[in-house]
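Residue numbers (our numbering), protein chains in the order written: chain A, 1447 to 1912; chain B, 1447 to 1912; chain C, 1447 to 1912; chain D, 1447 to 1912.
By construction, these hints were calculated from the structure, which means they are not laboratory data. Since this is a predicted model, take the numbers as computed values, not measurements. One should not assume that every hint holds.
A pair holds if it fits inside one copy or across any two, identical chains being indistinguishable in the list.
As the list claims (entries may be wrong) - Think about it this way: if two alpha-carbon atoms lie no more than 30 Å apart in a straight line, the pair counts; the simulated BS3-like pairs of lysine-lysine are:
1. 1811 x 1639
2. 1792 x 1639
3. 1708 x 1684
4. 1708 x 1639
5. 1687 x 1884
6. 1610 x 1685
7. 1792 x 1708
8. 1781 x 1708
9. 1884 x 1610
10. 1639 x 1687
11. 1814 x 1847
12. 1847 x 1684
13. 1594 x 1538
14. 1610 x 1594
15. 1884 x 1792
16. 1783 x 1639
17. 1811 x 1792
18. 1708 x 1687
19. 1639 x 1814
20. 1811 x 1708
21. 1814 x 1708
22. 1814 x 1792
4 protein chains.
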Amino acid sequence: MNLYRPEEECGIFGIYNHREASNLTYLGLYALQHRGQEACGIVSSDGQRLYSHKSMGLVADVFGNPEIFRNVPGDSAIGHVRYSTTGDSVSKNIQPILVNYSRGAIAVAHNGNIVNSQLIRAELEAWGSIFQTTMDTEIIVHLLAASKASSLEERMVEALNRIKGAYCLLFITETRMVAVRDPHGFRPLCLGKLGESYVVASESCALDLIEAEFIREVEPGEMIVIGRGGITSHFPFKKVKPSHCIFEHVYFARPDSYIFGKTVYLVRKELGRQLAREHAVDADIVIPVPDSGVPAAMGYAEESGIRFELGLIRNHYVGRTFIEPAQSIRHFGVKIKLNPVREVLKGKRVVVIDDSIVRGTTSRKIVKMVRQAGASEVHMRISSPPTSYPCYYGIDTPNRKELISSSHTLEEIRRYITADSLGYLSHEGLLTAVGGDKESFCHACFSGDYPIGFPRLGPEPQLDLF
Amino acid sequence: MNLYRPEEECGIFGIYNHREASNLTYLGLYALQHRGQEACGIVSSDGQRLYSHKSMGLVADVFGNPEIFRNVPGDSAIGHVRYSTTGDSVSKNIQPILVNYSRGAIAVAHNGNIVNSQLIRAELEAWGSIFQTTMDTEIIVHLLAASKASSLEERMVEALNRIKGAYCLLFITETRMVAVRDPHGFRPLCLGKLGESYVVASESCALDLIEAEFIREVEPGEMIVIGRGGITSHFPFKKVKPSHCIFEHVYFARPDSYIFGKTVYLVRKELGRQLAREHAVDADIVIPVPDSGVPAAMGYAEESGIRFELGLIRNHYVGRTFIEPAQSIRHFGVKIKLNPVREVLKGKRVVVIDDSIVRGTTSRKIVKMVRQAGASEVHMRISSPPTSYPCYYGIDTPNRKELISSSHTLEEIRRYITADSLGYLSHEGLLTAVGGDKESFCHACFSGDYPIGFPRLGPEPQLDLF
Amino acid sequence: MNLYRPEEECGIFGIYNHREASNLTYLGLYALQHRGQEACGIVSSDGQRLYSHKSMGLVADVFGNPEIFRNVPGDSAIGHVRYSTTGDSVSKNIQPILVNYSRGAIAVAHNGNIVNSQLIRAELEAWGSIFQTTMDTEIIVHLLAASKASSLEERMVEALNRIKGAYCLLFITETRMVAVRDPHGFRPLCLGKLGESYVVASESCALDLIEAEFIREVEPGEMIVIGRGGITSHFPFKKVKPSHCIFEHVYFARPDSYIFGKTVYLVRKELGRQLAREHAVDADIVIPVPDSGVPAAMGYAEESGIRFELGLIRNHYVGRTFIEPAQSIRHFGVKIKLNPVREVLKGKRVVVIDDSIVRGTTSRKIVKMVRQAGASEVHMRISSPPTSYPCYYGIDTPNRKELISSSHTLEEIRRYITADSLGYLSHEGLLTAVGGDKESFCHACFSGDYPIGFPRLGPEPQLDLF
Amino acid sequence: MNLYRPEEECGIFGIYNHREASNLTYLGLYALQHRGQEACGIVSSDGQRLYSHKSMGLVADVFGNPEIFRNVPGDSAIGHVRYSTTGDSVSKNIQPILVNYSRGAIAVAHNGNIVNSQLIRAELEAWGSIFQTTMDTEIIVHLLAASKASSLEERMVEALNRIKGAYCLLFITETRMVAVRDPHGFRPLCLGKLGESYVVASESCALDLIEAEFIREVEPGEMIVIGRGGITSHFPFKKVKPSHCIFEHVYFARPDSYIFGKTVYLVRKELGRQLAREHAVDADIVIPVPDSGVPAAMGYAEESGIRFELGLIRNHYVGRTFIEPAQSIRHFGVKIKLNPVREVLKGKRVVVIDDSIVRGTTSRKIVKMVRQAGASEVHMRISSPPTSYPCYYGIDTPNRKELISSSHTLEEIRRYITADSLGYLSHEGLLTAVGGDKESFCHACFSGDYPIGFPRLGPEPQLDLF
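Isolated chain A, as found in the complex (with noise of 0.2 Å):
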């Protein structure tokens, strides 16, 4: 069994001192759905003790019924929803993660990737420690209840110089709400406020969703610690460069959330426009991969002058969870998401924008779904440069092996996904596009160049990486 398990793909949100603390968390976790739709938990304090709440599946299914919230009554609440691979024993693995220890509850949501766990993990369980999950959130419990320190400050300061890797997290006592983002601040994380209430989340859309102020972004290597006399930040750690994940900008945060200084949106339409700088090509429309796609589109059709329509629809219905039926005899696959405009396409020289290329075979069938409905040619444009190496820091991305592009030249991605052509955003561009300081972002996906390195007890991720 495995016992490393990256904690992909998450959101988090917490609120100190409201009345409602549990329905704003589930609201805000709501806004947060798109970092994890596989399950959702909340922990609630009502300043004596922590109630907690969680279970598989959607955000609006686990919470959706309104008696639940009696399980989770107080005025602080913490929140996450997750995304990760099936498995056996995924029930156990849901946060936030609830323990009482010798003093006392409390419970931590975390979005990011701890890459030391399985070396802590083994040291503690070697002193006769039994832990409860497979999650590496769970040694960050751990740590807290072997620490002698007399304070709780002092104490998660102790457990996380202890552990290296991406992590925001949130963490709530009977009493207390602390908010910390790890020193490279891979992941985003901010801080608003809603009349005497403090908020922490994931992405801004979180704050407007409950209509808190966004205050700031919470910032790399800070601890943020909310209590009854009120708000105090810290800088416990090592001061390092900034490591924002560029990635966040390119497909995962939401459209309308404002992340390492800069609104995604509009990101995504300089992607595109810097994508038609690079990449022009005669054509009569652009077309988006919908929904990632659609501003990277705009961007390209403003910039080039063709004309932007909507040629491929998408059936807002399918989530994750969409099963097709076994017995089935063929697979529909991207049929299921998207169906192409016939009237639009026919005849037509199409741009099509998507934000990544991953093992190919989406793209190919897109490709091939435009063409059949009648494009005379098809023109593949991606507003990324080519995703050759796996993300160790909180993205779930399949292993280098399943990369098309870790493996095969622009040529034969081309050849293989049938366009007629096809250009990736360059590295540079990107930078460019994103602006502000380029050095202030990990790009390791696309160049390979990992900020932090990666100590395990067995030999196998080092393959893949070096």
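Since the structure of chain A is already known, use the hints to place chains B, C and D on it.
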């Protein structure tokens, strides 16, 4: 208890002679999910008997477990998705309706609304008939069961000649499938072919998903009978002028569908262009209310030359099923679905495009949201005329009293929604944009000009209408 | 599909004019649970309309959640427990059957079996009636709906005069409750009073539980109508000789019930005494097959002077629902229910008392189990005559072919079950032990002497019978 | 939150080396269902890893679906049934407890109660251990995980030497099964063989069901280790005088089980005979409170010569789960379970035999019920001495304050229960009837003579005891 229950907003799908009949019906319903999210069902035939599975819920939930298909074996199947208002005993009101009568088993799926159902039901009950549901559709099977005609076709014609209203019907028996479209042709219905199998669906997008070839639309007043011996077409009803529902083009159908001789997406773009011609305004950007307003906004932008932007981002995990926390002190309303992009709207003169205004409350919230996000001016443009009259032919509209435009002037509505200006597409402009024979559409919701009258038991609906 | 479906082995309960009508019906059904463990339901009336809740499962499971009672408000209620063989679409076959027809709402609960239901159903369907279930009970409501008589009582008499067979019926309308027992009085039914409320139940044990006073048994051919104005008794049917089901005394009814003028427990002890007189044997101990064989074994022990012991212990957590592990390489059969007590049986000559032998397989296992536990001799004694004929009046018996005594001699059966001796109670002894008028019982299962014939559509049941 | 939670009233079962390990464990638990009806679970091993399935509910419900057994594959398994008082977070408190620690996986099922669990838990938490449950059993696995001994046996001995109390334990690892009975031997545990497989169970009735051969009882202080290499017996604890729970014979064990060297049924009959000798009375009939009072009533009848009758009939569909309707204006209490047979009791002088009186409320209702049914005299006889002290070794008894005999004289109790006379079996008579070495039993519930003291964190339990 009100026995009158319009079968509003439904979608139907059927396939004859395919070894994966139920699987494909599941996919077909999935493509028609936008026509009804409350409940769905499939009835199949293996040539010997009929099988049924139906339940409240989305198609992907009700049929998501592949084991389910063991319940609906055979090589023919019909299916139904429905929307209806909540109420008691709804679960028995799910279609298709399956009954056994003296001639064997028959099931029916219905999209539309029978306006004389109350009269016929009262008459049947007086003779001793016992009804299982409160759906108007059930009178059809009772009329069939009571008919003494010797052939199924004759019994159907005898039964259908008794009913008035809007209906697209799909029947299945042990050995046959029958599709009927009412003489006015209110609702869309199309015929396709997949290998040796015939397919019937409310919209062409359902044919696309299963890769069936579109043959043609079923014609108003046509009855198509499909059996082991092949397919036959009948026109057993008195011919009348068609009354296609123009609201299918404005809002209800999927943009990638081809109905009433046009592709919906192109019609909607043309509505936007016409709207720009009729209600030009000096502005910086055009934004849609997503998703239905997108094509019209693109058309408006193209015609006006004003830049198209996404100023409102939709949370795609929102279904009709989102339940706000009951204990909440506020209502979040449209914020649950839409979030403005501040950087796009700040300081801009904004044209907002939507497809209709019903009660006005949503439009009011959207205008305020856009203004609070920094817009200097907000100009609302609606890609259809004022909706002043309720629909009795299969679209769920509120009572006339609740329709803001039935009792308020344009200026009153503008003031209520707090827009700087407001423009509706003209009636003439609508018919021009839709194209073809202007006389062939039902526009009662805009004009009050109802193609079929309402013989009712009670006086109530008349009060609303005249 | 076989439309003929006897409503075998059911229990019914009703209460009129009590503010806790549904609660008390729940308790009444609970006391009648032994009459049917598969499904149960309650229909209540608040004077304005009828309410229903029914489901597969035991009474304590279906109604175990107190919230359920909100679904069945009002001050009158009827309920039903049923056993039936598994099959498709069973959930729609749960009683009471509730329908709306031209005169309002009515529900019915039925214990018994209508032998001419197929003929009547065919006739009704030929006129256009559509049936919702495959239960014979449903024809009653259709006959009611089709009746043109002006009063409810007249409609009922008109309907019931059409049907033949065994039936105890409880009807409820918005304002009345009606109890009917067929002219032969096959099944038991009794009337009680609880304060100002009237109660009707299959067995008196249900009155005991709710502390209602037992008034009298409902008489064969009697129709009791209870309404706001009080209670009236009618005898609308032609008088016939009674045919009380003797098997209720032998096995089916609860020992603490008083039916057909006797307490069941005392009858069963007397059956044991008579058995001892008819089939004495030199032995050390008498043991029952628990639980139903206990009173007869006590009677046998008292009459014979042989010591009564518990040599077989029953696991009381066994219901009819125990499912043996599917993958198992063996079948545990009767061991799941019964375990021998070695120290009691070792070296003893044992008389084993059971109430009947059906297929013989269970008796064979019991004899072997007792012998393996050390018994030196095993003498089987049965407190009823050989069961050679199937029941068509409401007891679930196998086909005649499966009844071992219909095709085997006493000696053949003894050898099959491997007993040292075997004795059945004689037919004469049975009637003597039951006491009273010997002519008033139906003993068709022992004698083949069926009080009512079987007009059927198909030839099959006749083959079994004659 | 009270961390102290006795694992009261449980049953355990294990089997090693059988291809149907989980199926047979299911059957074994089924036979032990009387020892705990609230929850159950199975942990199995396939030699490589452990698998778990557990849930609230009866064994037949939790494991009734044969698909379930796919979750617990392998050729060894242990299982647990439990009763416990309701409370929050009960579902996490279901056994067996399965954990992964540095040496691999281990699961444990426990019957009994550890009296120093609070002290040890506090000590472990101070070192940083995090507990998953509130069960005392969990300290055992933490002690195991913390042990540095090199072999599993040594780690177990080290851990078990820390704990005090009553325990029968079954451990399973990937490759071994270990059974341990505490040095006092409070609870029963026996060893059996089925072909080449070893079986361990709380009571012999579980061996009977699966047709395993009874070998012997596991001895007090014995640890039996079963592995691929065979079976070994160890006595690693200091020898002490045994303290078998005499209440197992009086009430708790199944009558067909053989425990502490005797068959329970025969012991109970002897208790009844001894009771007749000590408390004779002139009467007409002897009746039991079913089911547990039956053998003692038979013994009393035999010894006294008074006729044995069933005067109270038990509804066997009653479990501990029966829920009275919440809105009810009355409580039905014991009437739900028992119904008197009037014709048996009318005018009779009745001896009622029960096994114990706890609070007195049930006895009071039974006496009244018997008298209302017509008995002229009611003499209550109890087949054990007054229960005056709570149990701390694994039987669920109320606080001392609630035990009527701890604060009332015999005459006060007689008056409270409204009996004409009342007689308890004497302490001496109890020990005589049970037979064998009188010194080898724990009779603390009758005598207050507790074999093991109670080191606790808080003062509360001591107050009850001394």
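Going down the list of hints, with the structure as the test:
Proximity of residue 1811 to residue 1639 under the C-alpha cut-off of 30 Å is restricted to the inter-copy arrangement: shortest distance 22 Å between copies versus 46 Å within a copy. With identical chains, the CA atoms of residue 1792 and residue 1639 are at most 30 Å apart between copies only, with a shortest distance of 21 Å across copies and 51 Å within one. In this assembly of identical chains, residue 1708 and residue 1684 lie within 30 Å of each other by CA distance solely inside one copy; the values are 26 Å within and 64 Å between copies. In the homo-oligomer, the alpha carbons of residue 1708 and residue 1639 lie at most 30 Å apart inside one protomer (20 Å), although the nearest pairing across protomers, at 50 Å, exceeds that limit.
In this assembly of identical chains, the alpha carbons of residue 1687 and residue 1884 lie at most 30 Å apart only when taken from the same copy (11 Å versus 66 Å across copies). In this homomeric assembly, residue 1610 and residue 1685 come within 30 Å of each other (Cα to Cα) only inside a single copy, at 14 Å, whereas the closest approach across copies is 52 Å. Only between protomers do residue 1792 and residue 1708 lie at most 30 Å apart by alpha-carbon distance; the minimum there is 15 Å, versus 38 Å within a single protomer. Taking the shortest alpha-carbon separations for residue 1781 and residue 1708, only the inter-copy value of 22 Å comes in at or below 30 Å, while the best intra-copy value is 34 Å.
For the identical chains of this complex, residue 1884 and residue 1610 are intra-copy neighbours only, at 23 Å inside a copy versus 65 Å across copies, given an alpha-carbon limit of 30 Å. For the homomeric pair residue 1639 and residue 1687, the shortest alpha-carbon distance inside one copy (28 Å) is at most 30 Å, but the shortest distance between copies (61 Å) is not. In this homomeric assembly, residue 1814 and residue 1847 come within 30 Å of each other (Cα to Cα) only inside a single copy, at 24 Å, whereas the closest approach across copies is 50 Å. In this assembly of identical chains, the alpha carbons of residue 1847 and residue 1684 never lie at most 30 Å apart, being 35 Å within a copy and 61 Å across copies at closest.
In this assembly of identical chains, residue 1594 and residue 1538 lie within 30 Å of each other by CA distance both inside one copy and across copies; the values are 28 Å within and 28 Å between. In this homomeric assembly, residue 1610 and residue 1594 come within 30 Å of each other (Cα to Cα) both inside a single copy, at 21 Å, and across copies, at 29 Å. Proximity of residue 1884 to residue 1792 under the C-alpha cut-off of 30 Å is restricted to the inter-copy arrangement: shortest distance 27 Å between copies versus 42 Å within a copy. Proximity of residue 1783 and residue 1639 under a CA criterion of 30 Å is satisfied inter-copy only: 22 Å between copies versus 38 Å inside one chain copy.
In the homo-oligomer, the alpha carbons of residue 1811 and residue 1792 lie at most 30 Å apart inside one protomer (17 Å), although the nearest pairing across protomers, at 39 Å, exceeds that limit. Taking identical chains as interchangeable, the C-alpha atoms of residue 1708 and residue 1687 lie at most 30 Å apart only when both belong to the same chain, with a minimum of 19 Å there against 57 Å between chains. Proximity of residue 1639 and residue 1814 under a CA criterion of 30 Å is satisfied inter-copy only: 21 Å between copies versus 49 Å inside one chain copy. For a Cα distance limit of 30 Å, the shortest separation of residue 1811 from residue 1708 across copies, 26 Å, qualifies, whereas the shortest one inside one copy, 33 Å, does not.
Taking identical chains as interchangeable, the C-alpha atoms of residue 1814 and residue 1708 lie at most 30 Å apart only when they sit on different chains, with a minimum of 24 Å there against 35 Å within one chain. Taking the shortest Cα distances, residue 1814 and residue 1792 sit within 30 Å of each other inside one copy (13 Å), while across copies they are farther apart (41 Å).
When the structure is compared with the earlier hints, a violation turns up for hint 12 alone.
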